[in-house]
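Participant: Kindly generate the complete structure, drawing on both the sequences and the hints.
In order, the protein sequences belong to chains Z and C.
Using our numbering, the letters of the first sequence correspond one by one to residues 1 to 235.
Using our numbering, the letters of the second sequence correspond one by one to residues 236 to 736.
Keep in mind the hints are simulated off the structure, nothing from the lab.
It cannot be assumed that every hint is accurate.
Examples of chain Z residues toward chain C, derived with CB under 8 Å [stated by the list, open to error]:
| hint | residue |
| --- | --- |
| 1 | Ile104 |
| 2 | Ala109 |
| 3 | Ala111 |
| 4 | Leu121 |
| 5 | His124 |
| 6 | Gln137 |
| 7 | Ser141 |
| 8 | Trp150 |
| 9 | Arg163 |
| 10 | Val166 |
| 11 | Cys183 |
| 12 | Leu227 |
| 13 | Arg229 |
Simulated coverage check for chain Z against chain C, where a stretch passes if three residues somewhere in it have a Cβ under 8 Å from a Cβ of chain C [claimed, not checked]:
| hint | region |
| --- | --- |
| 14 | 8-22 |
| 15 | 169-182 |
| 16 | 198-204 |
| 17 | 212-226 |
In this text, all values refer to a predicted model and were calculated from it rather than measured experimentally.
Think of the CB as a built atom: it goes at the ideal place given N, C-alpha and C, for glycine as much as any other residue.
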Amino acid sequence: MSSAENLLQNKQLTDGLKQQRLDQLLARADIWQAANEHRRQRSGITTGYAGLDALLAGGGWPRGATTELLVDQAGIGELGLLLPALAELTRREQMVVLVNPPHIPYAPALASAGVQLEKLLILHPQGPRDSLWAMEQSLQSGCCGALLSWQERQPPADKDLRRLQVAAREGDCLHFHFRPQSCAASPSPASLRLQLASDGDQLALQLLKQLGGRTGQRLHLARAADLTRRDRPLH
Amino acid sequence: MLWLCIQFPRLPLQALTRAQRGGPEDVPRAVVEQQLVVDANRAARARGVHSGLTIATACALCAEIELLPRDTEREARLLQELAQWGYSFTPVVSPRAAGALHTGDGDYACLYLELGGCLKANGGLEPLLQQLRSELRQMHISAFMGLGHSPSAAHMLGQLEEHRQWLAGAKAPPSPQQWRQWISFAPGKLLDCDHKTIAKLYACGIKRVSQLLAIPLSEVGSRFGRDFVDYLARLNGTRHDPVPSYQPPPEFHSELFFPSPLDNSEQLLFPAGRLVRELCQQLQRRQLYSQQLRWKLDFGQQGCKVVSVEISRPLLDAQRLIALTKLQLERIVLEQPVQALELTCDRLQSLGQETVDDDLFGEASRVQRSHQLLDRLRARLGHQALSGVSLKESHLPEQAWQSADSLVLQSRQRGHRVQPVNAARPSWLLPRPDRIQCRQQRLFYRGELRLLQGPERIDGYWWQHRRHARDYYIARGEEGGLYWVYQDLTSEDWYLHGIYA
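Facilitator: Take a look at the structure:
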């Protein structure tokens with residue numbers, strides 16, 4: 001083989017290597033390419049609401065990332081928003097972990113929403129250190145489909161949120177973090193932030209932040225008709 | 236029959252000091268019993284301290300010697316552990332304890348193993364002996380071995396230097412002639428009998444066993460008694476040589492003693508790791524598994540503390556068991572220094588076909604990972620922090636669910652499945668109903684409540700003293716939240732019971 005040929009081959013090899021590295025870099029979830037928008041993989045887990053899926057960049061809840069839900073008031077359908085996705089995950093034999101839920105998750109309601117109760121794990125760790133540890137372990141383990149956590153009294157430090165986000169990416173787990181709306185102004189590493197409020201019979205969503213997608217949209221989701229129907233009770 | 240006799244000359248010392256990491260050989264130590272030195276370590280022996288000396292002489296030879304009282308109970312336990320270890324190689328094992336007081340050379344604790352039946356399974360004599368030696372070295376137990384056609388012969392030949400040299404490079408069991416040659420060559424003092432008999436033998440001018448065997452047995456019998464003739468026959472192989480057979484209990488127990496107590500829970504990790512490795516070897520050989528490791532931290536006079544590690548699935552991987560133990564030990568604050576660490580596993584269960592957790596492929600590994608996660612969470616957070624939920628058949632809302640203690644991760648359709656009630660139920664239930672203010676026919680809970688639907692009457696236990704009669708409504712708060720409220724029919728009070736989150 002002549003040296004010129006050899007050189008040419010080497011050049012091709014290094015070019016191939018460079019291209020490969022570039023592809024690896026571009027395949028990262030946190031790099032958004034406007035030009036390739038239409039070729040993007042719709043890798044999200046469907047939310048069960050077509051309108052919401054259309055707004056989200058991945059066509060559903062972002063996988064392996066933290067989703068922040070900013071809610072001030074209980075009872076506006078914040079858990080109902082997640083239930084279709086959770087039911088789907090438990091049907092796929094993945095665990096769903098609830099860390100520090102504010103009340104008892106009521107089994108009949110969850111079962112009728114399609115959640116497999118055998119796959120539901122509820123954790124009540126003592127103290128913020130243990131709960132952060134438990135959350136990180138569960139997110140990393142790779143056997144959890146989703147983890148729901150509720151913010152305790154003191155807001156977690158920024159570096160803790162970042163660690164949880166990284167852990168969720170490692171374990172390819174959906175992480176839903178419920179926080180009060182007062183945190184909306186503070187920056188957060190979450191890849192999706194949604195503000196939830198009630199508007200009449202509907203749940204009003206606002207996208208505050210979305211990695212690789214547009215933000216600022218508002219969406220109204222109607223609540224289940226059998227809840228909001230008025231039948232003039234006797235009382 | 237091929238018998239191996241492993242003798243443990245340093246057992247009294249090693250039972251006490253085995254727990255320590257390599258170094259402390261340079262501190263002279265001796266084990267004493269009844270004012271006599273029973274055993275001494277290398278540093279002490281270099282200074283001239285050997286067994287049989289009185290304490291006063293030993294102290295005179297070496298002033299800074301550390302004296303440890305002999306603990307025969309601990310020795311016996313260690314011998315049992317060794318028997319259990321031996322049982323993992325061959326099913327015919329017999330331990331023999333040391334004599335009460337150390338009197339002569341032939342009185343060490345020893346272990347008889349029948350190797351004839353297990354040579355093939357262990358890859359022949361040479362690899363088997365090598366493995367035995369290397370595992371003893373790992374356990375920090377010094378030993379010497381003898382091979383014979385009967386237990387008595389193996390015991391005697393173990394003390395014969397020529398035989399030991401041969402055994403170090405032995406490839407195959409020797410021929411009967413060779414054994415006879417060794418036995419007849421052996422000096423008379425190696426015979427396993429009391430001092431008086433040996434003195435008598437020497438008085439008769441009998442220095443080697445060959446000389447003894449040349450005398451007709453009836454003559455020997457009239458001089459040294461029937462038992463001695465019996466022993467010679469057993470040594471020769473002309474008579475059966477029975478030894479008590481050992482049956483291992485279905486449990487594991489091992490203990491490490493620290494001559495200088497540990498006061499930091501991190502220091503416990505090293506000895507704990509050694510115990511777990513011993514356990515895993517045992518379990519693997521006997522094809523058993525344990526669902527619980529029970530650690531006992533012994534504080535000496537100040538009592539003890541028991542820590543248990545639960546394992547959800549059969550696990551034979553020492554690293555993972557150590558990691559689980561570490562999580563538990565890290566939580567402990569030691570108030571007193573620890574003098575001994577003990578690992579106990581009762582109720583060892585046999586390993587079924589389906590249960591081993593080492594699958595290479597997809598689904599099984601996910602289940603396996605979730606079991607590992609649960610074990611880790613349980614180890615650090617404690618049992619009470621983990622729970623699941625399940626359905627229960629009941630009319631009363633607060634009894635229609637129950638907290639599931641152990642999580643069923645593989646959903647199996649078994650028997651009757653409870654169906655949830657076919658009505659809109661809230662996803663949060665309050666642990667206890669919250670009282671709602673009622674003023675002038677209007678309800679107030681963080682603002683005024685308006686009733687949307689209802690009533691759904693739930694009336695249970697009317698046949699009992701405590702009747703539960705309630706009318707349930709769905710109500711909306713001022714800020715848009717939907718609540719599940721009820722009016723108690725007996726007291727006419729209003730309560731909040733659930734939230735439609």
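Participant: Provide an ascending list of the numbers of those earlier hints which the structure does not satisfy.
Facilitator: Violated: hints 8, 9, 10, 11, 14, 15.
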